[in-house]
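**Q** Numbering (the UniProt record's numbering), first residue to last: 1 to 310.
Below, computed lysine-lysine pairings styled on BS3-like, alpha-carbon distance capped at 30 Å:
#1 K201 - K251
#2 K251 - K180
#3 K251 - K288
#4 K224 - K303
#5 K59 - K224
These are calculated hints, taken from the structure and not from any lab test.
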Amino acid sequence: MFHEIDRDLVSKLRQHIKKDETVVFLPWGNDFIANYLAPRTGFFTFNIGGDKNLLEAQKNWPQDMIAVRGEIDTDKIPTILKMLLERTTDVVVFPYFDMLWASHHWPCHLGTDCLTKQKEKLSGVIDAVKNSPYFSVDDSNLFTLIRLSSEYAEDSTRKAVLDTLFDKICYPIVFNSVHKESSLLLRKGWHGLETNHVWSKADSKVTLPIPKDCETKNCNALIKFNVFGASKNRPVSIKFSSIELSGSWNKTIVANSFGTHKVSVPLNNELLTQEISISVPNATSPYKLSGSRDWRTLGIMLKRIDLVSK
Numbered sequence: 001m002f003h004e005i006d007r008d009l010v011s012k013l014r015q016h017i018k019k020d021e022t023v024v025f026l027p028w029g030n031d032f033i034a035n036y037l038a039p040r041t042g043f044f045t046f047n048i049g050g051d052k053n054l055l056e057a058q059k060n061w062p063q064d065m066i067a068v069r070g071e072i073d074t075d076k077i078p079t080i081l082k083m084l085l086e087r088t089t090d091v092v093v094f095p096y097f098d099m100l101w102a103s104h105h106w107p108c109h110l111g112t113d114c115l116t117k118q119k120e121k122l123s124g125v126i127d128a129v130k131n132s133p134y135f136s137v138d139d140s141n142l143f144t145l146i147r148l149s150s151e152y153a154e155d156s157t158r159k160a161v162l163d164t165l166f167d168k169i170c171y172p173i174v175f176n177s178v179h180k181e182s183s184l185l186l187r188k189g190w191h192g193l194e195t196n197h198v199w200s201k202a203d204s205k206v207t208l209p210i211p212k213d214c215e216t217k218n219c220n221a222l223i224k225f226n227v228f229g230a231s232k233n234r235p236v237s238i239k240f241s242s243i244e245l246s247g248s249w250n251k252t253i254v255a256n257s258f259g260t261h262k263v264s265v266p267l268n269n270e271l272l273t274q275e276i277s278i279s280v281p282n283a284t285s286p287y288k289l290s291g292s293r294d295w296r297t298l299g300i301m302l303k304r305i306d307l308v309s310k
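Assemble the whole structure, with the sequences as input and the hints as a guide.
**A** The following block contains the structure:
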């Protein structure tokens, strides 16, 4: 069977992927066949097979890999573009075969036509990618392979496109699974978007767009959040830091309840975007705190960021 995989798949991947490039397969999951394809083809990948291996790998994944979790739809195209622009990956591949079961039954489980079914399922996303000037797309019967278009390969052009992506995000910024574009701002140390919020880890970063109106006004970002595990008996410190016009800015808040907290961050009107670092030194997991089955380390529950100008 692996001879067939080499003949059908590895040979095609080698035609499109250069040695030592980074490749992301989407959607990701227990991608068992990636363990074979990466060394066989000669690329690097974040995808991995084995439930325990996957959980361990996610601890070191870039934030955008977390952001594109689940089924792939057109809402995730901006994040895919961001991954390519920031060189998180060189190539994105939509496989039509199952990344878990293809290593057991190639290319599909007995009696099924997974290739046609998956390609039809992704057709809307693939069409949208093909119609975008930012992408270069190669199709085959086994996968669609996506790269950044050559005209956007230069660093200056990449930055201009990234700035365009951020310009499209307007205040108030709401963090939930409906407003998927907000995931573009989550730089490091976040879990996936949920129905009404997103959880940070112990250390996280968020990048905020600075509107042009702020060139002539004093603008602040008002961050609204809750703090996991905070109570009178367990006060939790949260440190916010950034760079403003006068230099570094820091503020520490001590939360004594889970209720909504606010912090106002001055925005640097000489920049297009501004990075905010958030540290919760004694962040913990629901499992450690109460015995819940949720093992995630949770810091702040970010809901919304408003723009306040004077």
